Amino acid sequence: MNTVNDTYAEHMQTNPTLKERFSLFGIVWSLLVIVTGVAVWLDLHTYMDVYEKAILIGAVPGLIALGAFWPSIRLYLLGVAALTLLGVWQYSSHGNDVKVQEQLFLLKYLLSSQSAFMWMSALYVLATAGYFFALFIRSEFAGKVATGLTWAGATFGLTGMMMRWYESYLINPDYGHIPISSLYEVFILFSVITALVYLYFEQKYRTRALGGFVMLVVSAAVAFLLWYTFDREAYHIQPLVPALKSYWMKLHVPANFLGYGAFALAAMVGAAYLITDTLARKKPDSTFVKAMPSLEMMDELMYKSIAFGFAFFTIATILGAVWAAEAWGGYWSWDPKETWALIVWLNYAAWLHLRMTKGWRGRPMAWWALVGLLVTTFAFLGVNMFLSGLHSYGKL
Amino acid sequence: MAKPVSRARAVYDFFSSMSLAVTLLVMLAIASVIGTVVKQGEPYQNYVVKFGPFWAELFEKIGIFHIYSTWWFVLVILFLIVSTTTCVIRHVPVFLRDMNSHAENLSRTALLHQPNHAEVACTQSDVALQTMEAALKQEGFKLKRKESERGVMIAGMKGRWNRLGYFLTHIGIVVILLGAVVDSNLMLKYKVMTGQAVPETRDVPISQINPKAVLPQDNISFRGSVTIPEGQKADFIFLPYDRGYFLQQLPFEMIVKKFHINYYDTGMPKDFITDLVVRDKATGKTVEHTLRVNHPLILGDIAIYQSSFEDGGTQLQLKLYPLTGAETQPMEMTSRIGQKEILETTQGKLRFEFDDFKLHNVVPTTPEEEKQTGRKMHNNGPKLVYKIRNEQGTAKEYETYMLPLKQQGREFFVAGVRDSVAEPYRYLFIPADEKRSLKRFMAFIELLNNDQKRLAIFAQYIKSDPQFSKLSVREQALQIQLWQNLIRLFRDAGFKGIEHFIKTNVPEDKQKSIKDFYLAQLTDGLQVLYVEMLKQQGRIKSRDELTDFDKTWFEDAINAVLALPKFGYPIFVKLESFKLLMATGLQVTKSPGKDIVYFGSLMLTLGVFLLFYVRQRRVWVYFDKSTTSDNGHTVVIAAKDNKNTPEMEKEFKRLLARLQQTCGGTP
Ligand code: HEM
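Line by line, the protein sequences give chains A and B.
Take 38 as the starting number for the first sequence in this note's numbering and just add one per residue.
Take 6 as the starting number for the second sequence in this note's numbering and just add one per residue.
Source of the hints: derived by calculation from the structure; they are not laboratory data.
Please note that a few of the clues may not be correct.
Stated by the list, open to error - Okay, derived cross-link-like pairs now, BS3-like style, lysine-lysine, Cα gap no bigger than 27 Å in a straight line:
{"id": "1", "chain 1": "B", "residue 1": "K655", "chain 2": "A", "residue 2": "K181"}
{"id": "2", "chain 1": "B", "residue 1": "K401", "chain 2": "A", "residue 2": "K282"}
{"id": "3", "chain 1": "B", "residue 1": "K376", "chain 2": "B", "residue 2": "K444"}
{"id": "4", "chain 1": "B", "residue 1": "K275", "chain 2": "B", "residue 2": "K440"}
{"id": "5", "chain 1": "B", "residue 1": "K163", "chain 2": "A", "residue 2": "K282"}
{"id": "6", "chain 1": "A", "residue 1": "K374", "chain 2": "B", "residue 2": "K658"}
{"id": "7", "chain 1": "B", "residue 1": "K66", "chain 2": "A", "residue 2": "K327"}
{"id": "8", "chain 1": "B", "residue 1": "K411", "chain 2": "B", "residue 2": "K345"}
{"id": "9", "chain 1": "B", "residue 1": "K55", "chain 2": "A", "residue 2": "K56"}
{"id": "10", "chain 1": "B", "residue 1": "K440", "chain 2": "A", "residue 2": "K341"}
{"id": "11", "chain 1": "B", "residue 1": "K55", "chain 2": "A", "residue 2": "K374"}
{"id": "12", "chain 1": "B", "residue 1": "K381", "chain 2": "A", "residue 2": "K56"}
{"id": "13", "chain 1": "B", "residue 1": "K444", "chain 2": "A", "residue 2": "K136"}
{"id": "14", "chain 1": "A", "residue 1": "K145", "chain 2": "B", "residue 2": "K658"}
{"id": "15", "chain 1": "A", "residue 1": "K282", "chain 2": "B", "residue 2": "K55"}
{"id": "16", "chain 1": "A", "residue 1": "K241", "chain 2": "B", "residue 2": "K163"}
From a predicted model like this one, the values you see are computed outputs, not experimental measurements.
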């Protein structure tokens, strides 16, 4: 076998072993999930409708399976849970008054949703810089720090979302809703999910050199978020319009963002591919080229990521159709958002076909993945900004 | 040249080709993009305004405005169904064979052409084969052992369901599209093409609708809506079609008892709810239901949704104040939203069209108000939207608020006017008096309009004022005349009127000083009028009693008078009271294809996961008796993954290591 393949194999990391999947910690963790599920059920089931109960019941084995599939997520979720509980405790021990977030130290500087998002933003930007720094000085340690920063950013991001969920009920029980219903909120969801999907791939394929590229997209999302926060004051928690009051939202939106996140990741890997390939043609021995994963590796990662995104985007679109059937009276209305989701889907279906049936690889596919991000971004952001339709809820 | 057989083959090849599939997908995508960029299904006039008559006509012809129901779009979908179906048919034998065969008949050379392969020298090939068999089994491979005089072949396969994934995805897509076709209006289109059905394009009462535009209740699928006012019922819906509509009869009657909107404390709507009774026409059975957004009512194969709302004919009690007449006695009027009233005026016959009424009008608060109240939203209360149309047919659109609105701490009656829907409203702010009414303003306007009344006030004032009463009669008359003229100029054309008068009547070198003098006189005159008016009303006894409120009111009133000429028709419509009547917009659908679509979706989802996450892997371990070497035999091991993934390489290395271990040597 040639050397390219050797480095390739080096980059390949095995899946977690059975031991890791079902370690003692894993068992404890699974028990904790069950206990939490039962506790939530006992505490809140009278407030839930049948679908929400189904979601809760489904979430328990879902989380256990997720933990077995990706052991690292266990510690992450425990961290988020601990921080969230701490934040909730801060509120509840002060009369559940949302205003105490301006007085209590922990809330004001760490755990209120707004400050958690600020921490997330800062950590992500630092992580991006860290990854690039590690790539240029070729320091393993710096890379590890960047990975740690990304984990920390994602922790604060998800914690912030949980706190925002709680705070929405504190402001007014009527307003309470899962924070995935406005552009502001889904941007946070996007940056959390993209970071997590990346961390999964990083761990599985040892691709730390790609971190900077992927985190660049996340940093761009953070930049948008900061502009949206400070210029537009979009962070205010608003009550939901009637069309959004549906349990389907809790499934449809996260599934969608798994898709968007994975597509964004594929695009950035595509960008890294193109840069590496171009440099490798000019200077095959440059340190940069050596530091990057092999081209085959990146090509494969692009495929893996798009396949993952496509699978979840398929589910999301179907869930969206089911929801639309319930909210608007038709599973398909050719509403702009819906239609653009279809365009994104068709785009990646074509990408997958050409790869699978015609064996296309390399540069054209990398370019396509990169352009795919534009299409995806338009579906995600452009439709909301430029086109009107049922998704903007202008009418009802 | 082509023989019939090969022609059929060519058609088959064409339909099952990847190029056709990708072309169709691209066409679908492009049409979809156009459909999202050009707003679909708007009134044709809007397009003419937007694109001009030529392009609008052309676009209409190729169906840009109804892109998703044009024949060519439907054709693309049908082609996609055919293409995907033929593609599946074409792959069935190949993939089935692939799923079921272990490929145990491959030759040694064929194995050496696999993506992963190696040759290992083996002293104890039987043991090696057995060990590998056990190892592969443990890893989940299904094995097939073939022994012949030439050697022993162990062929393993894993993940054959991957192939099933292909079938599930592609058949799933076909099923979804078929379901969508069932729910589309293809049948109706066919009826329209053959003249069996004709859409109605006129805006006529139900009873006068063309019978060919009325669809029987057993239509297989439909999706339309109807607006029903509270207390009324309907047993039909409207299906929009091109520039017209069809009337779809329903097997039941929908009786709307009440429509409500629940609000958040911000004033934003929280829920839209219809109290509905549905009575089956055949059985007479009734169902009562509270219909809400996201909670449809399902009745067999028909579903009813809360989709919109509008005014259902709210009763209006109005007062119409003339703004230019010498009398300002308002005229009382009773009407309803949706009605038109004709009024004879000095400007000819005017038609009042009462278009809409909104009970709550929530707007963002100003930053100052937010600081005071902590609220981001503010409710301006009831609002009436109406048009005044003249005999030529041109109309001005108005909106007017029932209650005075707060602006910088003062209260105003606010009414807006515009010449077309595309323009923003220009607002008139009439200051409310101390009783939050229009009375003081109307009295003041009356004085400005009525020369006689004004004359009387001035005459009396001049006599009683110590300063003016000293003047000669002629001087007094001149003073009054000056005021009268200035006020008339001001009323008709504002400050500009006075400037214009000076420009045309005064020599240039004196213009500036005269202007200052006139403006001072005008202010005096207006103030005198105002103070005397308040005295007559008994509100004050002397000028010293004017409060700050009175003073700012005066300034606001002057500004309002200045804005009057831009208000269009000089009639102020004041909403005195109303009796709210809402109408609910219900969407009714019959979509038997829905379950087909859901079933197809399930297939698609399953298929996608099988395709992506089940790898079909093959491993061959072959002991070829003919290839004995010095230290025994060689065993060939090869592996393949239908996706050619890098994982395979790793797995192969592991298997190879295992083989080498049992063979007790290195290759
Ligand atoms: C709306 C239409 C279609 C969609 C959404 C679609 C979707 C897909 C997807 C998601 C895959 C999996 C790719 C992968 O394994 O990574 C695939 C594979 C494939 N598709 Fe399609 N497809 C469509 C139409 C067609 C048509 C019309 C053909 C026939 C020309 C076709 C032929 C194939 C073939 C041969 C494969 C490869 C299967 C394999 O090797 O495992 N597809 N398709």
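Practice problem: Return the numbers of the hints above that this structure violates; sort them in rising order. | Solution: 2, 3, 4, 5, 6, 7, 8, 9, 10, 12, 13, 14 and 15
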